[in-house]
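Visitor: Build the full structure now, drawing on both the sequences and the hints.
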Amino acid sequence: MLPDELKNKITELLPSASFEEGANAASGWVTLNMEAGDWLAFATNLKRDPSLAFDYLFCLTCVDWKTHLTMVYNLDSTTYRHNLVVKIKLDRNKPEIESVSEIWRTAEFHEREVYEMFGVNFLNHPDLRLLILPDGWEGKNPLRKDFDDPVNMIKL
Amino acid sequence: MSAKQYISDVVNAVSSLLTGMKRTGYYFFHHKEIITEEYPDNRATLKMAERFKGEVVMPHDENNEHRCTGCTACELACPNGTIKVVTKFDITPEGKKKKAIDKLVYHLELCTLCNLCIESCPSDAIIMAQTFEHSVFNRAELTKVLNKPGSKIMEGVE
Amino acid sequence: MWSFSNIANQLHYWLNDHFSPTLTLIIEMVLAGVAVIGLFAGLGLVLVIMERKVSAWIQLRLGPNRVGPKGMLQSLADTFKLLLKEGMTPSGADKIMFNVAPFIAMIVAMLLLAPIAFAKDFQLWDLNIGVLYVSAISSVSVISILMAGWSSNNKYSLMGAMRSGAQIVSYELSAGLSVLAVIVMTGSLQVSDIIHSQADGWWIFKGHIPMFIAFVTFIIAVTAETNRAPFDLAEAESELTAGFHTEYSGMKFALFFLAEYVNVFIVCALGATLFLGGWMPFHIGNWEGFNHVMDYIPSSVWFFGKTFFLIWLIMWFRWTFPRLRIDQLLNLEWKYLLPISMVNLLLVTLMAILKWHF
Amino acid sequence: MYRETEIVTDMGNDLVINVGPQHPATHGVLHLVITLNGETIKKVEPHLGYIHRSIEKMCESLTYRQFIYVTSRMDYLSAHINNHACALCIEKGLGLEIPPRAQAIRVLMDELTRIASHELWWGAMAMDLGAFTPFFHAFRERETITDIMEETCGARLTMNYMVPGGVMQDLHPSFQQKVKDFLVLYKRKIHEYDEMVTGNVIFQNRMKNVGYLSPEDAISYGVTGPSARGSGVKCDIRKLYPYEIYDKLQFDEVLETGGDSFARYMVRLREMNESIKIIEQLIDNIPEGDFQAKTKAVLKLPKGEFYTRVETARGELGVYIVSEGGTTPYRIKFRSPGFSNLSVLDHIARGSKLGDLVAMMGTLDLVIPDIDR
Numbered sequence: 001m002l003p004d005e006l007k008n009k010i011t012e013l014l015p016s017a018s019f020e021e022g023a024n025a026a027s028g029w030v031t032l033n034m035e036a037g038d039w040l041a042f043a044t045n046l047k048r049d050p051s052l053a054f055d056y057l058f059c060l061t062c063v064d065w066k067t068h069l070t071m072v073y074n075l076d077s078t079t080y081r082h083n084l085v086v087k088i089k090l091d092r093n094k095p096e097i098e099s100v101s102e103i104w105r106t107a108e109f110h111e112r113e114v115y116e117m118f119g120v121n122f123l124n125h126p127d128l129r130l131l132i133l134p135d136g137w138e139g140k141n142p143l144r145k146d147f148d149d150p151v152n153m154i155k156l
Numbered sequence: 001m002s003a004k005q006y007i008s009d010v011v012n013a014v015s016s017l018l019t020g021m022k023r024t025g026y027y028f029f030h031h032k033e034i035i036t037e038e039y040p041d042n043r044a045t046l047k048m049a050e051r052f053k054g055e056v057v058m059p060h061d062e063n064n065e066h067r068c069t070g071c072t073a074c075e076l077a078c079p080n081g082t083i084k085v086v087t088k089f090d091i092t093p094e095g096k097k098k099k100a101i102d103k104l105v106y107h108l109e110l111c112t113l114c115n116l117c118i119e120s121c122p123s124d125a126i127i128m129a130q131t132f133e134h135s136v137f138n139r140a141e142l143t144k145v146l147n148k149p150g151s152k153i154m155e156g157v158e
Numbered sequence: 001m002w003s004f005s006n007i008a009n010q011l012h013y014w015l016n017d018h019f020s021p022t023l024t025l026i027i028e029m030v031l032a033g034v035a036v037i038g039l040f041a042g043l044g045l046v047l048v049i050m051e052r053k054v055s056a057w058i059q060l061r062l063g064p065n066r067v068g069p070k071g072m073l074q075s076l077a078d079t080f081k082l083l084l085k086e087g088m089t090p091s092g093a094d095k096i097m098f099n100v101a102p103f104i105a106m107i108v109a110m111l112l113l114a115p116i117a118f119a120k121d122f123q124l125w126d127l128n129i130g131v132l133y134v135s136a137i138s139s140v141s142v143i144s145i146l147m148a149g150w151s152s153n154n155k156y157s158l159m160g161a162m163r164s165g166a167q168i169v170s171y172e173l174s175a176g177l178s179v180l181a182v183i184v185m186t187g188s189l190q191v192s193d194i195i196h197s198q199a200d201g202w203w204i205f206k207g208h209i210p211m212f213i214a215f216v217t218f219i220i221a222v223t224a225e226t227n228r229a230p231f232d233l234a235e236a237e238s239e240l241t242a243g244f245h246t247e248y249s250g251m252k253f254a255l256f257f258l259a260e261y262v263n264v265f266i267v268c269a270l271g272a273t274l275f276l277g278g279w280m281p282f283h284i285g286n287w288e289g290f291n292h293v294m295d296y297i298p299s300s301v302w303f304f305g306k307t308f309f310l311i312w313l314i315m316w317f318r319w320t321f322p323r324l325r326i327d328q329l330l331n332l333e334w335k336y337l338l339p340i341s342m343v344n345l346l347l348v349t350l351m352a353i354l355k356w357h358f
Numbered sequence: 001m002y003r004e005t006e007i008v009t010d011m012g013n014d015l016v017i018n019v020g021p022q023h024p025a026t027h028g029v030l031h032l033v034i035t036l037n038g039e040t041i042k043k044v045e046p047h048l049g050y051i052h053r054s055i056e057k058m059c060e061s062l063t064y065r066q067f068i069y070v071t072s073r074m075d076y077l078s079a080h081i082n083n084h085a086c087a088l089c090i091e092k093g094l095g096l097e098i099p100p101r102a103q104a105i106r107v108l109m110d111e112l113t114r115i116a117s118h119e120l121w122w123g124a125m126a127m128d129l130g131a132f133t134p135f136f137h138a139f140r141e142r143e144t145i146t147d148i149m150e151e152t153c154g155a156r157l158t159m160n161y162m163v164p165g166g167v168m169q170d171l172h173p174s175f176q177q178k179v180k181d182f183l184v185l186y187k188r189k190i191h192e193y194d195e196m197v198t199g200n201v202i203f204q205n206r207m208k209n210v211g212y213l214s215p216e217d218a219i220s221y222g223v224t225g226p227s228a229r230g231s232g233v234k235c236d237i238r239k240l241y242p243y244e245i246y247d248k249l250q251f252d253e254v255l256e257t258g259g260d261s262f263a264r265y266m267v268r269l270r271e272m273n274e275s276i277k278i279i280e281q282l283i284d285n286i287p288e289g290d291f292q293a294k295t296k297a298v299l300k301l302p303k304g305e306f307y308t309r310v311e312t313a314r315g316e317l318g319v320y321i322v323s324e325g326g327t328t329p330y331r332i333k334f335r336s337p338g339f340s341n342l343s344v345l346d347h348i349a350r351g352s353k354l355g356d357l358v359a360m361m362g363t364l365d366l367v368i369p370d371i372d373r
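Residue numbers (my numbering), protein chains in the order written: chain A, 1 to 156; chain B, 1 to 158; chain C, 1 to 358; chain D, 1 to 373.
Rather than coming from a laboratory, the hints here were simulated on the basis of the structure.
Here the structure is a predicted model, which means the values were calculated and not measured.
Dumping the calculated EDC-like pairs for lysine to aspartate or glutamate here, alpha-carbon to alpha-carbon at most 20 Å:
(1) D:Lys42 with A:Asp127
(2) D:Lys178 with B:Glu50
(3) C:Lys70 with B:Asp41
(4) D:Lys92 with A:Glu20
(5) A:Lys9 with A:Asp38
(6) C:Lys70 with B:Glu38
(7) D:Lys42 with C:Asp327
(8) A:Lys145 with D:Glu324
(9) D:Lys43 with A:Asp127
(10) D:Lys189 with B:Glu33
(11) C:Lys335 with B:Asp9
(12) B:Lys32 with D:Asp181
(13) C:Lys70 with B:Glu37
(14) D:Lys303 with A:Glu20
(15) D:Lys57 with A:Asp149
(16) D:Lys296 with B:Glu119
(17) C:Lys155 with C:Asp94
(18) D:Lys57 with A:Asp146
(19) A:Lys87 with D:Glu324
(20) D:Lys57 with A:Glu116
(21) D:Lys353 with C:Asp327
(22) B:Lys22 with D:Asp194
(23) D:Lys187 with D:Asp147
(24) B:Lys22 with D:Glu192
(25) D:Lys294 with B:Asp124
(26) C:Lys155 with D:Glu39
(27) C:Lys155 with D:Asp14
(28) D:Lys57 with A:Glu138
Guide: Here's what the structure looks like:
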């Protein structure tokens, strides 16, 4: 599906969606901003809808913008080969979002990684535990911008 | 499973095993195929590739002169803080102050041999040497001063 | 030609002349024990260096070449290293069983050396049930592995031991059946009888195809019984790290290691005795001239030549094949080797009754 | 604060064993907690982080030229392709045109790296299954590739040959001849791989019908690279979203439909031949010209987000750079293939034997620094 068709189709599904121009312009991907509350239902539609068929979540990550967090979901469709980037703003103090690991199984590991690196709490995640950090980890989330570890981080 | 299939299974299995044994048996008897390099013994003949990145060195000519201007481009290019340029000010014959290096400190223990410093050097003062036997008993020996004592910058290098 | 029996007899008479009969017996037993221990250690060293050289050449390497001439003293140096190492016992282990297990493995390997005929008239104990003795004693080795695995208090060890138990018990069957093929032909369980029955040709040639099949089954079964690759599931490095001897170190580990190699030697010696005529030179029917030439080669050379050929074959297997999975291992035994060797035994029996062999 | 692993006291009839962090089959410090019922696997639970260096955090404080070398330390077996992905992403941000010679050199090196990686995988996988000899035989061919790399790039494993805008140095004058010699050697020896391993009945029994992965699961779990192509999923980024000059080259995307370990094994073996094809097309047709585009001494990416996808030897590597317009990336994310490929291990391992686990881990081709980053 071409980017414009994709935008129309998505606006049909989610009228509140706002498209971000400029981001990912070099890749030509449609970038979409939305609210965390609608995410689970919308994600289900993205996968189920036969004309969208976003069945491949190839990247899931989070960006710390110091004022808020942004979840970034990069989606691909193995049938139509169109791409979509979904961005969801989260509250930095109490980040919470629905887990999509039931829809895309790969999200399970990626969400666990984001959980410990950024402290995002994924609701209804089947197994939200520390994956990379050692058990008994105390302290802040390493990939947040205010993380400081004077012992292990060497300032050059 | 029919009896015919049973027998053909056994025959195929045995023949596939024998093919593998033929190959290994070939190498057992053909010692010319051995590829071992007897490393410490072949030091005399061992030749490293000319671009091999062993460690950063600063070449000096016969007058004990190098090409380093002390511009700190290598220090800035280095991702790990491997290079530290300590500068001083020389007085030129005309009586002007001129920046020159006092010491170019190189931490081999931090170096990842990424070649970025050599790429960034505007006057080709540092190059990669082909040495590779870097082990020492004392870690402090890995911190090296690249310019030789009493050396000075070559004429005409800016 | 000189033979070992002359030396042994002369020693016996000399001892009898100087000591009382009881003391003579004791001295002779001590001498035999020393000989066996020496052989045990010597064989271990030779086989380890052989394995390392064979594997190196197959793998395009040079192998050990630093200690002694052409690296031949490498395994001796390794033994010294192992002797000097601390033999640790894990704190959760069953101490007695843990420490006894390697000695059982060693004792079994030593006992098995008794009925092997190393050369003409050179045999420690030519008992009338020699082959049965070997089969019976070699089954005991599984006990040492189970003891080691259980007492280590380590899950890898336990799994390795359990696998080994299942494996040895099942492969004993087809090994036994293929040994039985020779016994049916010979009609005797005595090692010297079996060797003498091959004076006019080895069983592998005299017994047509069924005997060859029995030989192949025997080799496969004993490879499995000695826990050698491709049947090394008890150790299975990439799955169970080191299997039943994960927790062993120092000399206790070395005893397991040596016992494995001596077991390989014994089963190969048995294979050479049963199928390739033991120390009997290569004879063809009634070609008197040819047979006479062959007799000039000493019998011990014949025996060790054949045995080391079989050992080399087993090493060749090890460095060529990947490992089987536990269920495939048991499938191979129960679905392929056992039926084949049973049918084969019937054929051999038929041949023996009808005197079809040469 | 965090939920932690529960300490199980009553395991019933289950046996819980720790495979790793130091274990011969994990080729690194991967830690798998395996619940067994006898020899049958009930659950595999990976515990990561033993060599996590937080490369993403490190890159945030390095300039665009500097951080490329760090990515060699992720998937060290396809270090060159990782560097390539980063360089591509930076070039995308800068809008740089790459000289054709640099593109050809990059692709040549990519494919050589891919062959070297698959050679090592082949040897290591056979070693996992208990055959030690193939490892040494694979290294014989791999050694010639690392020698070629050493000659041109100056290093054998972590080359750091990429710079934004091209490659660091021109090809060594002997490069073409050496690659041709390698092609001859490879074609003379490749049939031995089949003789020693592929055709072997024990090996086939160990691999066939082991670790079945359906195409749907492969997509859902984000499995990419040869592991997914073994299930018949078309996922070769070189074909789907061509970068550099891959769209001008003739090669096939290797697909197998078996979905089991043997299919994944065959994909990798056949992929080496495809890489050879690419090298053959390019080796005599390397365009003349610059090997590096003119770039500024200090690179600054415009404000925005840039994502590149590259096919490494293990699957899809994504590089996601968020730039604030400075000299260092604001946030960088590496979507490593190993991380997603590992997540499927529990799914395909359940119900099989412990001995199968090494076959599955071998054919998923896990490289631990790639998973841990």
